[in-house]
Amino acid sequence: MRTICTRKEAITRIQAIIIVAVVVVAAVAGGIAWTFTTPPTPTTTSAAPKVEEVRIGILAPLTGAAAYFGDGMKAMSELLAKKINDEGGIKSLGGAKVRMIVADTEGKPDVGKTQARRLITENKVHLIIGALHSGVTLPAAQESERYGIPFICDASSHVDLTRQGFRWFFRTWGSDAIFARNYFECMKWMQNKTGIKIKTIAFISEESLFGVGVATEWEKLNVDPEMGGYKLVAYIRHPVSPTDLTSEAMTLKAANPDVVLSVQTPMPDAILWTKTLKAVDFFPKAFMTTAGFIFPEYVSSVGKDGEYIIGREGWSIDLTARKPIAKEINDLFKKEANRDMHVYTMQMHTTIVVARDALERAASVDPEKLRQALANTDIPGDKIIPPWKGVKFDNTGQNIYANNFMVQLYKGVYHAIWPEEIATIPLVYPAPTWKER
Amino acid sequence: MRLGRSTLLYLMFFGIVCAVPFVSSPVVTDVLIFCVLYAFVSTAWTIAVYAGPYSIGHAAYFGLGAYSTALLYTRLGISPWIGILVGIAISSSFALVISYPVFRYGIKGYYYTLTTLAVAEIMRTIFLAWDITGRAVGVWYHVVPDSLWDFQFHTSHVPYVFIGVAFLILGVFTSNAIKKARLGLAFSATRDDEDTAQSVGINTLRHKITAVVISAALTSIGGAFFAQYTLFIEPDTSMAMFVSVDILLPAVVGGVGTVSGPLIGSFLLTPLIWILRIAFGSEVLHVVIRGVVIIIVVLFAPEGIVGTLAKHSGVGGKILSIIPSRLSSRAHH
Amino acid sequence: MQLDLPIFLNLLLIGLFQGAIYSLISMGLTLIFGTMKIVNFAHGDFLMLSGYFVFWIWALFGVDPLLALPAVFLALFCIGYATERVLIKRVLGRPTHIQMLMTLGLSLIIQNSVIVLWKADPRFVHTSYADLRLELGAVAVPFPRLLSFVLAMLFALTLHLFLLKTTYGTAIRGTGQDQEAAHLMGINVNKIYSLSFGLGISCTAVAATLLSTYFPLSPFLGSSFMVITFIVIVLGGLGNYLGAFIAGLILGTIEIFTAYMLSSLLRQTIPLLIFILVLLLKPEGLFGRKLRR
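Residue numbers (the numbering used here), protein chains in the order written: chain A, 125 to 561; chain B, 8 to 340; chain C, 142 to 434.
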């Protein structure tokens with residue numbers, strides 16, 4: 125570093141004035157420019173002139189480790205906007221066109237918060253959908269709460285999101301508590317179906333907000349003698365994206381649990397776990413997972429090694445056989461976006477269906493009317509892709525019908541196995557060991 | 008009087024910053040808040056650099072400040088203002104405890120820089136694993152109505168600007184005071200040539216530690232401010248390496264080792280990053296552009312804005328510039 | 142945690158195998174530092190970029206990574222060389238923070254450009270020997286990892302011989318020790334810089350190739366490996382490639398044992414603590430030269 129003379133400032137007075145002036149002028153000019161370059165906005169009171177455009181803000185991680193998920197969310201949102209507009213827009217608003225405004229949260233809470241504020245105050249969105257990361261959804265929802273704009277959470281599952289006392293927050297997705305139940309209900313079913321008792325279990329959780337949230341719910345359920353009561357022989361907590369998992373896999377093997385519950389978000393971590401389990405030659409009777417394990421690229425990466433893995437899923441290709449709406453959207457998505465669907469693209473669709481339905485019923489973009497319409501949502505199951513009774517929010521904004529089902533990877537495809545009503549293949553339990561395959 | 012004019016300029020600047028929120032849109036206010044925050048923590052970082060080698064681990068102090076405030080408030084209901092004081096105490100002590108052995112046993116230069124990274128990473132991994140700090144879930148604030156005592160504002164973020172500017176003034180004042188006082192001379196002597204400094208009786212150890220401790224204290228205030236703004240704190244967004252980089256970036260852009268550098272750097276860089284986020288935020292490209300901007304700054308204004316301007320204007324330039332030639336390897340510190 | 146002999150041996154072997162990869166990556170980084178006194182914060186992203194080269198050669202042409210190794214090595218060497226000529230060279234001799242920022246900016250660009258180009262999907266190379274395991278009694282070793290270890294050792298040896306015996310190698314080492322003297326002796330220092338950077342980057346190419354036989358690839362691969370790489374180069378003494386080699390093996394082993402015996406969450410914390418402790422005792426790293434002013 126060069127020597128800075130300490131006796132006087134490094135710049136002369138005139139330079140300082142110039143610098144300060146330039147900075148301030150730039151800042152103020154920038155601010156003014158922003159304010160005036162956003163599109164002219166229609167007023168949003170119900171006695172307003174005709175609504176030309178409904179703007180929906182989409183918060184998603186387009187960069188950072190969750191970029192893969194955010195990319196799908198964005199693609200689905202834009203595709204659906206086009207579809208809605210092609211079908212005549214929001215009819216009760218005289219055919220108003222829907223426009224999605226996507227904002228990258230980078231997976232960071234402060235960025236998400238300000239992007240939300242920007243969407244609301246600059247882009248004048250009428251509602252917000254997002255934001256995948258529970259830690260980003262929270263600050264963003266605080267903004268929508270403050271401004272009185274509906275926020276529909278499509279994919280964040282942390283239980284506390286609906287415990288903040290928000291009025292403007294709705295969640296079409298389930299919470300970690302609901303999903304944790306799915307695991308334990310499935311385990312009970314597996315025992316009843318096969319007659320093989322589950323004695324020991326293990327948890328593997330990555331140390332992320334999602335991972336901890338999920339594992340905490342598992343812990344709570346396991347101490348409930350009615351739902352759980354299994355002997356927890358290993359509880360492996362590991363950092364996200366480690367450079368190796370051999371020690372962890374060996375720990376698991378040494379504990380030799382009957383059933384393993386595992387949560388990893390990034391697909392590389394899921395792939396690494398699978399490969400490492402094979403390398404140490406251990407596979408439990410059932411390996412029950414979620415997130416990173418249930419995406420198409422996981423399957424193509426691990427190939428046959430992923431067979432028999434059970435995943436807690438919201439989406440499965442099986443749905444296209446059972447639900448016309450699933451087939452329709454899946455075909456459209458594959459054609460237009462050239463990607464396979466996954467659970468978060470499915471959820472984007474679910475949420476946009478809810479938004480559209482609310483807009484049609486409200487026949488207005490007035491925030492309070494929209495909020496009321498959302499609160500009264502009661503959409504039948506055949507309008508959405510997941511195999512739920514429908515969408516209906518309780519007084520905390522939680523969709524009471526949200527649920528997950530279990531799938532098992534068999535011959536390279538995830539098929540539903542539980543609940544039995546929707547199962548398309550028989551359960552394979554216990555899973556064959558590596559040597560037996 | 009030179010001192011008088013500088014002060015006047017700064018006051019003008021702060022005055023304008025405080026006036027802008029009254030006419031600007033909410034988003035501009037938000038960006039302004041980040042400008043102020045990063046100017047503040049960057050100033051704090053600069054203080055450490057006055058006397059010693061570079062730190063890329065300031066996220067540790069930032070995070071400590073954030074967590075102290077957040078935990079005391081959400082678990083014990085203690086006002087964030089007191090939380091800030093506690094945070095200062097904790098991070099200064101921590102800085103002291105770390106710096107003493109590190110400097111005493113002669114860790115310097117790149118080794119020191121990477122040590123600061125190691126310290127921040129250790130803290131991050133511990134906070135991730137520790138139940139008391141909420142592990143990866145972090146600390147979630149409950150939203151309360153606007154309150155100064157609770158340090159939360161929602162109807163308008165403008166009060167954050169004023170508080171931020173107050174902190175910034177504190178930071179600039181401290182930075183300036185240190186630079187001008189004998190302490191500053193001692194600091195820069197320590198930095199430039201430790202042996203010689205020691206031989207004239209300067210207690211370089213004490214100075215290095217002092218610089219780091221003051222820097223830590225101020226940085227932790229910035230962390231607390233961040234916590235009170237975002238109302239959610241987790242290890243991966245308050246103690247990660249990118250946070251340390253975000254802290255030092257404005258100082259580098261503006262001019263390392265100067266008082267005004269961090270301000271100029273932050274008020275230019277932060278809006279630029281946000282403009283990219285908003286204008287191109289639906290594309291991954293905006294981060295690529297951010298990287299390109301950084302490289303351009305590095306290539307064309309390596310002494311920072313302040314330094315480059317000074318260089319090209321004669322007076323300050325001669326005193327300011329010692330550009331080492333490529334072959335003289337004074338590149339280590 | 143129970144630690145009987147087979148488990149101990151298993152952990153030890155995997156630790157060494159893991160460490161060998163760390164050694165490779167770190168040797169590249171420390172070579173760059175030794176010659177040019179610059180810490181390349183984009184090193185991990187070059188590792189990731191190499192991984193993508195390997196992947197695409199496999200995906201498009203069906204070539205096994207190990208066969209593609211020479212091509213990838215060469216390609217990344219050229220990329221490293223070019224990067225130095227165009228960008229890095231301009232910040233040599235500049236203050237630390239400038240160099241840091243240059244490589245950090247580079248890191249942002251590389252990582253996000255990859256996302257723009259190829260999306261954030263994970264990739265995985267399928268080799269024919271991926272599932273082979275060697276079993277010696279109760280100790281079982283995955284073949285790709287053993288192979289990677291052996292090849293890593295061979296490469297390290299080759300690198301060592303290159304640096305020791307060849308003209309260019311000696312020139313690189315000489316420039317690292319004393320630039321002025323090297324210049325005075327007629328060495329084209331600028332060219333050596335470009336060569337060193339290229340060589341340092343191609344070390345990551347080798348590591349990435351070996352990794353690709355068993356480790357998944359994503360744009361974020363580099364980030365996972367960076368912290369441990371920093372620890373290794375410091376522990377080994379900045380600029381000392383032999384030190385980095387040994388430190389890599391040691392730290393890999395420590396990491397693996399820590400994850401098994403204590404907790405996976407501490408797998409980096411313990412090495413980080415050791416890093417600081419060692420520096421306190423020996424501020425120039427285990428094998429570093431005494432710091433000059």
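Quick caveat, the hints were computed from the structure, so don't treat them as lab data.
Please note that a few of the clues may not be correct.
[As the list claims (entries may be wrong)] Taking CB as the label site, the calculated pair distances span:
(1) C:R226 - B:Q205: 39 to 45 Å
(2) A:K507 - C:L414: 52 to 58 Å
(3) C:L414 - B:S100: 15 to 21 Å
(4) C:L298 - B:T203: 53 to 59 Å
(5) B:S100 - C:D319: 41 to 47 Å
(6) C:L298 - A:K428: 33 to 39 Å
(7) A:D506 - C:P211: 55 to 61 Å
(8) B:G84 - A:K559: 54 to 60 Å
(9) C:A281 - A:D506: 50 to 56 Å
(10) C:H267 - B:S163: 37 to 43 Å
(11) B:Y112 - C:W259: 44 to 50 Å
(12) C:H267 - B:I282: 27 to 33 Å
(13) B:I282 - C:R226: 16 to 22 Å
[Claimed, not checked] Calculated lysine to any residue pairs in the SDA-like style (CA-CA distance at most 20 Å, straight line):
(14) A:K377 - C:L275
(15) A:K323 - A:V347
(16) A:K377 - C:K423
(17) C:K423 - B:D138
(18) A:K459 - A:R485
(19) C:K423 - B:R111
(20) C:K260 - B:I296
(21) A:K344 - B:Y107
(22) A:K207 - A:G219
(23) A:K428 - A:V347
These numbers come from a predicted model, not from an experiment.
Glycine included, each C-beta is placed from N, C-alpha and C at the ideal position.
Okay, the hints, checked on the actual structure:
1. At roughly 41 Å, the beta-carbon separation of R226 (chain C) and Q205 (chain B) lies within the given 39 to 45 Å, and the hint holds.
2. Between K507 (chain A) and L414 (chain C) the beta carbons are some 56 Å apart, a value that agrees with the proposed interval 52 to 58 Å.
3. In this structure the hint that L414 (chain C) and S100 (chain B) lie 15 to 21 Å apart at CB holds, the actual value being about 19 Å.
4. For L298 (chain C) and T203 (chain B), the hinted distance range of 53 to 59 Å is not satisfied, since their beta carbons lie about 44 Å from each other.
5. With their beta carbons about 43 Å apart, S100 (chain B) and D319 (chain C) fall inside the hinted range of 41 to 47 Å.
6. Separated by about 37 Å at the C-beta atoms, L298 (chain C) and K428 (chain A) satisfy the suggested range of 33 to 39 Å.
7. Look at D506 (chain A) against P211 (chain C): about 58 Å separates their beta carbons, and that is inside 55 to 61 Å.
8. A C-beta distance of roughly 58 Å is found between G84 (chain B) and K559 (chain A), which places it inside the suggested range of 54 to 60 Å.
9. Remark: the range hint 50 to 56 Å for A281 (chain C) to D506 (chain A) is upheld by a beta-carbon distance near 52 Å.
10. A beta carbon spacing of about 57 Å between H267 (chain C) and S163 (chain B) contradicts the range 37 to 43 Å that was offered as a hint.
11. Restraint check, Y112 (chain B) to W259 (chain C): a C-beta distance of roughly 46 Å satisfies the suggested window 44 to 50 Å.
12. Between H267 (chain C) and I282 (chain B) the CB atoms are about 44 Å apart, so this pair departs from the stated range of 27 to 33 Å.
13. In this structure the supplied range 16 to 22 Å is violated for I282 (chain B) paired with R226 (chain C), their Cβ-Cβ distance being about 32 Å.
14. Restraint check for K377 (chain A) and L275 (chain C): the C-alpha separation of about 18 Å stays at or below 20 Å, so the hint holds.
15. Using a Cα cut-off of 20 Å, the hinted pair K323 (chain A) and V347 (chain A) holds, with the two alpha carbons roughly 14 Å apart.
16. Distance restraint check for K377 (chain A) and K423 (chain C): the Cα-Cα separation of roughly 39 Å exceeds the 20 Å cut-off, and the hinted pair is therefore not satisfied.
17. Of the supplied pair hints, the one linking K423 (chain C) and D138 (chain B) is violated, its CA atoms being roughly 34 Å apart against a limit of 20 Å.
18. Taking the CA atoms of K459 (chain A) and R485 (chain A), the gap is near 31 Å; set against the 20 Å cutoff, the hint is violated.
19. Between K423 (chain C) and R111 (chain B), the direct Cα distance comes to roughly 12 Å. Compliance with the 20 Å bound is thereby established for this hinted pair.
20. Of the supplied pair hints, the one linking K260 (chain C) and I296 (chain B) holds, its CA atoms being roughly 17 Å apart against a limit of 20 Å.
21. Distance hint between K344 (chain A) and Y107 (chain B) is unfulfilled; the C-alpha atoms sit about 44 Å from each other, more than 20 Å.
22. Our distance criterion of 20 Å between C-alpha atoms is met by K207 (chain A) and G219 (chain A), whose separation comes to about 13 Å.
23. Restraint check for K428 (chain A) and V347 (chain A): not satisfied, since their Cα atoms lie roughly 35 Å apart, outside the 20 Å limit.
When each numbered hint is compared with the structure, violations occur for hints 4, 10, 12, 13, 16, 17, 18, 21, 23.
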